[in-house]
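Mind docking chain B on chain A? Use the hints.
Taken in sequence, the protein lines are chains A and B.
Just so you know, we're using our numbering here: the first sequence kicks off at 1 and counts up by one.
Just so you know, we're using our numbering here: the second sequence kicks off at 1 and counts up by one.
Don't read these hints as lab results, they were simulated from the structure.
Taking lysine-lysine pairs in the DSSO-like style, the calculated list, with each CA pair at most 30 angstroms apart, reads:
1. LYS72/B to LYS84/A
2. LYS174/A to LYS190/A
3. LYS66/B to LYS34/A
4. LYS191/B to LYS69/B
5. LYS159/B to LYS179/A
6. LYS174/A to LYS208/B
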Amino acid sequence: MLKLGRCVHLLARCTNQTSSFARTLASGGTDITKPFRQIRDGLSWTIPKDLQNSDRPPGEVDVLIIGGGAMGSSIAYFLKAARKAGVSVAVVERDSGYSMSSTVLSVGSIRQQFSTPENIYMSMYSAQFIKNVQEHLQVEGSDPPDLQFNDQGYLFLATKDKEHILHENHIIQKNCGAKVELMTQNQLKKRFPWMNTDNVTLGSYGLENEGWLDPWSLLKSFKEKAIDLGAKYYNAEVTGFNVVDDDAKPIDPTQFAPNGRRLNSVMVSMINSPEVVEVKSSYVVLTAGAWSGQLGKLLGIGTGPKEENLHMPIPVEPRKRYVYFFHCPEGPGLECPLLIDPSGSYVRREGFGGNYLCGKSPNECDEPSCEDLNVNYDFFDTEIWPNLAHRIPVMEKLKVKSAWAGYYDYNCLDQNAIIGSHPAYGNFLMATGFSGHGIQQSPAVGKLVSEKILAGEFQTIDVSKFGFERCITETPVLERCVI
Amino acid sequence: MNLMMQQGRLFVQRTLCKTCAMQMARRCLVTPQTAKVLPWRLNNIQRGYHNIRLETISEVWQQFKKEFKYLKRASANRPLDPKDLNLGLEIGTAVFLIKANARVHFSNGRWYGRQQKGERKVRLPAEEAVGYTVNAIDASGTLIDQNGFRDVMKLTGVKYLNIEGCPHIDDTCLAHLVHIRDSLTHLNINKCPSVTENGVATLHKLRKLERLNMSDLPKVRYSKLIASMLEDAVPRLRVNIISNLVDTEENRAKENFTEEDLGQTRTESV
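Chain A on its own, in the form it takes in the complex (with noise of 0.2 angstroms):
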């Protein structure tokens, strides 16, 4: 029951609704149910809109994810998607525009031909979510959302030396249910006319589930449908860690199981101001990229005493790389893969117009500086180009319309992801280090971070063998590639 000055306020409140309910039924307005609304609007509780102030976060949350990439925007979508879960999700990113995040700067190729087991059934379950897009993150009321996926397929040639490579890849690519298929130098011959297949005795090439994508279209629907089931974003950027070891035993390192030291909060710093705000959290997760090791060191993890294997940074760096986009007017058609040619270049066709994306992994000696993303045009002239026209020789004449760079997440160890939990803090995660395949697995790693903080565990793929143990071990785990 109401008391009595509250209904006097509701009944103030009410009349001033009719009056101007009462003016939309007399000029015949057309949306007759907004009156009603604006009233039981006005009959409910709600924090006036002064008082609610959204750009903040708020002083406690279930999960922080730092970083709102293509990695850390699935997570959080994964983590709403299970509604029954009930989990508070924040998501703090610095550069509200994406301007220098390895997202939306990719190619945004997906492949499955990789020699790790996990990783092919990574970038498989990823594929099928890709198709099933419009059943997972449609937002309603919106139009749904549209990933321009090419199913064209990535072509990998191999030297007579490599040739052993691919064929033991082609294997494993198999038994893990990925429809890859092998050529030989004659089959690529009809097949690819315009190729010149001199030195090339064998090509791998991917016949479904391969090709690329618009990774930016991917992020924005990650995004808006994580927002749309209450997940929040905040144009922040995270400046320290409060760390808790009331509970924190002696333990022997080599086991790597936690010791009870644990995250309390984050210290989040807004954007162009002096606050900084405290959220307690029970889950952090580390996704921000190239920047992943600097935040590392943040909480310890590399200026740490060995005993708590606090010794070893994530070994997680930027990487400049450059792609260029070229005209070649008699290049190859419609059935122009994502070559990779043994050199290390890699070309695909864009659009229908006779357009190519082109770009090439430098050698460890001439990398870059990562200081700003100029692009360097001589790169093509000396490593792509001549390449490029040996393989393809209609590429001879060919016009560079324009180039952008972008950075990788580089895994120094191993050039493969960091998934899992640190071993000195139970409940920090990190989703990082993807040097170069990141987007092809950011819908099954969202997937595999969320079940281990809502069941403990992986369950759908069992990636314990990227964990960050093999950091701290120094025991690489390496892709055996044909370039």
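Coordinates of chain B only, in the frame set by chain A:
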């Protein structure tokens, strides 16, 4: 006892599907047998998201209609019934297609499925069709989507495929066609509203394709350009396109190329 209970549960699940119990139906559509085989199929459909903002009767009715449409689509794409697979993969898949309102032609020369257009009487393949392969599938106007299509693609030897006017056939289904690339010669994808140009561009993998009908695809831009690029890529292919666009200046600009650029056009336009 356990088996009886399992079968009883399956029976109840299937009847409830048919009688529109929407919530139970969603969970029942994956039977225990198929859940082990394909762990990522149909399980992933996140339909537990109820729209709690139902304020008026009209919105409730809209929601009901949407759910019913989804249910019809899901019931047309259920996993194959293991009973039908007893007679072989070909007959099992053929029964699945017939239940989804398609017609199937076996290599013994007979058409199975609905006999006359709109009639309810169907002819199912029985023991006389054992040992023969499926030659042609006429699935025009059905509600097959990528889940059901994946089962259909396990058939080898399908030469003629007609998926004209299917609302749920999209780019992923066209990418699935790669499994029958060795036998498919005639393909009809007229009027499929969900197909875009990226899907049509994957048809170059069908090396034996001889005829392709791709008129009236509303989401495919530059359809004539893609058709001529496909004819370059695939030997022996001839594409039939009937475009709704009248040949005017503005429509030519929309198509983004002119007749002179291509030289002699090899598409038959009417």
